[in-house]
Amino acid sequence: MTLLRTITATLMLGCLIALGAGNALALDAASPQQAPDELRALAADSYAAKARAIKDLVASQAPRTRVWLQALLDGKLQRLEDDGRFVIVTDNRGRDWTVIDAVDDAPLGEVSRRRIDRITINNALRNQLRSAMAILDLDADDPAERLASADRLIGEVDADLAEPLAARLDAESDGDVRAKLAQALALYRLQSGDAAQIDAAIDTLSGSLNPTVRAALAQVARGDGEAAEAARQALAGIEQALRLNHAAETLYFGLSLGSVLVLAAIGLAITFGVMGVINMAHGELIMLGAYTTWMLQQLLPGQPGLALILAIPAGFLVSALVGVIIERSVIRFLKGRPLETLLATFGVSLILQQLVRTVISPLNRTVVTPEWMSGSLVVNEALSLTLNRLYVLGFALVVFAALMLVMRRTRLGLEVRAVTQNRTMARAMGIHATRVDILTFALGSGVAGLAGVALSQLTNVGPNLGQNYIIDSFMVVVFGGVGNLWGTLVAGMSLGVINQVIEPWAGAVLAKVIVLVFIILFIQKRPRGLFPQKGRAAEG
Amino acid sequence: MNASKSHRWIAAGLLGLGISVPALAQEDTIKVGILHSLSGTMAISESTLKDEMLMLIQQQNDKGGLLGKQLEPVVVDPASDWPLFAEKARQLLAKDKVDVIFGNWTSASRKAVLPVVEELDGLLFYPVQYEGEESSENIFYTGAAPNQQAIPAVDYLMNNVGVQRWVLEGTDYVYPRTTNKILETYLKEHGVADDDIMIDYTPFGYSNWQNIVSNIKQFGSQGKKTAVVSTINGDANVPFYRELANQGIDAADIPVMAFSVGEQELSGIDTAPLVGHLAAWNYFMSVDTDANYDFIDNWIAYNDGDDTVVTNDPMEAHYIGFNMWLQAVKKAGTTEVDAVKDAIIGVTVPNLSGGYATMMPNHHITKPVMIGEIQDNGQFSVVWQTPSTVAGDAWSDYLPGSRDLISDWRKPLECGNYNVVEKTCGGSAEETASQ
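If you read the protein sequences in the order shown, they are chains X and F. Note that the first sequence covers residues 1 to 540 in the numbering used here. Note that the second sequence covers residues 1 to 435 in the numbering used here.
Please note that the accuracy of each hint is not assured.
[Said to hold, decoys possible] Selected chain X positions facing chain F (Cβ under 7 Å, derived; list incomplete):
no.	residue
1	Gly75
2	Ala215
3	Asn364
4	Ser376
5	Gln500
6	Gly507
[To be verified] With a straight-line Cα cutoff of 20 Å, these simulated SDA-like cross-link-like pairs (lysine to any residue) come out:
no.	chain 1	residue 1	chain 2	residue 2
7	F	Lys69	F	Asp28
8	F	Lys224	X	Arg222
9	F	Lys217	X	Arg222
10	X	Lys55	X	Ala134
By construction, these hints were calculated from the structure, which means they are not laboratory data. Please read all numbers here as calculations on a predicted model, not as lab measurements. We put the beta carbon where it would ideally sit given N, CA and C, even for glycine.
The whole structure should be built from the sequences, with the hints applied where relevant.
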């Protein structure tokens, strides 16, 4: 503590010298901080007082307004307990935090977090701060920043702001920003009471999918007269567009869930569907893929994206290797005995889970989502597609295509099909059946590993990860038709869409039940699934 | 070993005859049972509580133990499996002969353990916020009852944030369902229309939140201020918050008030997009008191100096519960269950937020209620706090049948569900029917 004080003191002294100390005035300014009243007011006790203080600060147009507002918004504007100095925290990790002076940016070194008091804000103040900053940012050089500011101001315009905003609109060159500014202004003019202005405003606002706009139009539409009629028309158009967008969104959710199901099931479609092995440890192979991703991210700190890409081959190899070990040590001794295989692989699945619990941790591990996979792709104001799921959807399709290619176009695929159709005959033709068994199982397991890599971006990576997907995987394979990869794709995607269509009105729990009942009924009618194997091979 | 075992039998036999034999009952150590899942879905939350108990016991032993004896922890792993909780509790009480148990997280597991501790007359300290509607002679509830968490949180949203539309989102089991039932009644009593309440449940470990989050977004874009009250439990929270962030639901527009999300749960995610979402607890790691900083420093030291570890509300509850038990044992001069049970009522110990916690006659404690907003460093900043502590209420005033019940384990009443209308002990017909 004393050491820290000394350092702080030295630093302050350094600043003084740098500022050309020596005259008494500067010394006074540095020892007790000469914080302006506007800044002091921010440290008020009640939120109402803080709200007034923010207003005053913006009105004062002090040169550092923007910096203080941002620091306050980020929770970085704090006060030293000892001398009430206002500081900005630049690093709040660990027990000692790095701070700088809020008034003149002078570095003050590290201070124990016990000696700093945060100036707390709540959501209401956060809203106020963002709007205040949006007004300041309207003159920013970057059009993207201006656009964000204009968007922020929709629904926030009052009489004071309308005037400068109109001026800003005239000066604006960027088309998108102009449109947003026009909307923000129109929304204000909607309440103006002047018929011509209201008409023009409704005209500007029709077609906007912004919820604030919609709520405001609905308000006007509830009245009578010409304006209300126009508003009703605009609203009808908006509702129509919203319904379309909502349908598109549900479809996207369904396909996204479907892609997860396909990824989880496609490996099983090979080991169970093609080879006929009931592998209850399939879920744990998925889990191993997810843990490989985590492990690589630990090995490559700071590069989550690269680690994720490297995890694709690595996850495949790890799971394939474990798959081969399972095949060689357990499954091959139980050929043609499905019940024993089921029990033995269930045992293997428990062993793998406990292994992860003991070796790594019973707690979930954090897999970081790389920057380029976070957030969403904004199509319009009512429809945005979450990026992580978009990537997984694409990945599922790529994996499926690659697998089809392997099964249809390579020698391995040919041999696999030959061995599944007639093992004895294939062996007579000189195919090394054992080798094919190993490779097929490795392929199926490796694909499970790929599923794990993808799932690490969507769900929790923990020892139970696999258990959540094993039932779904069998469901998809059986529904699609055992032994048919296309069946798995179609089954996975359609189950995903069905589930998401039902979910909004049935709830998540009931939706799952309904889907299961549907599959049971379907299997009663068509025991071999959507796409049954045809020909003699299927009979045998 | 054999000798002490037979002593125990003799002691137990004599106790059964109503003769107190402190000299014979004396053991070398005082055994403290720890009943928290170290594997399975609840391990994420419960395993830290086990470590915390070990730390507290170690600290007490360093200070010279209790009644001149050392404390000896007995750790078992009920593996997030509710029936196994009952089995392990039986093992702790009947085989290991522990003097007290600290344990459980989910209500389902507590319900499984309850008949066992009542049958074998044990002591259980339960550290997690729960749905109420229960009061056992043998259980001490150091977590929050609904009136110490849910109701004040909803009041805050209604009065300070101006929320008019409500989404009650929860995991599908007893705690969220009971809490939401209480909240629904409460909201309707305060004039909220049926259309303005949306209730939804998801299974444990749910991860496909996209549709639900999109629904919440739509529900909240009708022009009235909307908030989500979340009783989502366990690791399903991580994908839920991730989806909120991805779909761009900002706390300033639709805040999420969570009852089961603490520092531990947030340590798995990037909280920058979640700033401003809320949680209601009786303690936050960011509480600015010396007692709290000391506790955190001890906890970091116990974890080999790893300063990424966090503390949370159930940890504070165990801290309070453990200290209360120590005081009660000192007051009674014995670890004998009945004596401790009588001695602990009225015991007051400091909590970590600068106040005091008192054990009430209904086996619940007094706690301050705090509302915190999530910060970008995974911590909460307290934005609202009750001016004084609130006493836990075992039976909610907002459920039919339950509002007439009180719990008072002092003599002469000694009843966990005394009906003040019918003047009988044993609950009410309505309440029995609803269970």
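Is the interface hint satisfied for Gln500/X? The criterion is a beta-carbon contact with chain F at less than 7 Å. holds (5 Å)
Hinted contact Asn364/X with chain F - closest CB pair below 7 Å: Result: holds, 6 Å to nearest chain F Cβ.
Take the C-alpha atoms of Lys69/F and Asp28/F, compute the straight-line distance between them, and say whether it is at most 20 Å. With Cα atoms ~7 Å apart, Lys69/F and Asp28/F stay inside 20 Å; holds.
Next pair to validate is Lys224/F with Arg222/X; report whether the Cα-Cα distance is within 20 Å. With Cα atoms ~16 Å apart, Lys224/F and Arg222/X stay inside 20 Å; holds.
Hint check: is the beta carbon of Ala215/X less than 7 Å from a beta carbon of chain F? holds (3 Å)
Holds or violated: the hint that Ser376/X contacts chain F, with Cβ atoms closer than 7 Å. Status holds, d = 5 Å.
Grab the minimum C-beta distance from Gly507/X to chain F and call the hint holds if it beats 7 Å, violated otherwise. At 6 Å from the nearest chain F Cβ, Gly507/X passes the 7 Å test, so the hint holds.
Gly75/X was flagged as interface toward chain F. Is the shortest Cβ-Cβ separation under 7 Å? holds (6 Å)
Take a quick look at whether Lys55/X and Ala134/X sit within 20 Å of each other, Cα to Cα. Answer holds: Lys55/X to Ala134/X is near 14 Å, not above 20 Å.
Given hint Arg222/X paired with Lys217/F - CA-CA distance at most 20 Å: Since the Cα atoms of Lys217/F and Arg222/X sit roughly 23 Å apart, the hinted pair is violated (cutoff 20 Å).
Of the hints listed earlier, the one the structure fails to meet is number 9.
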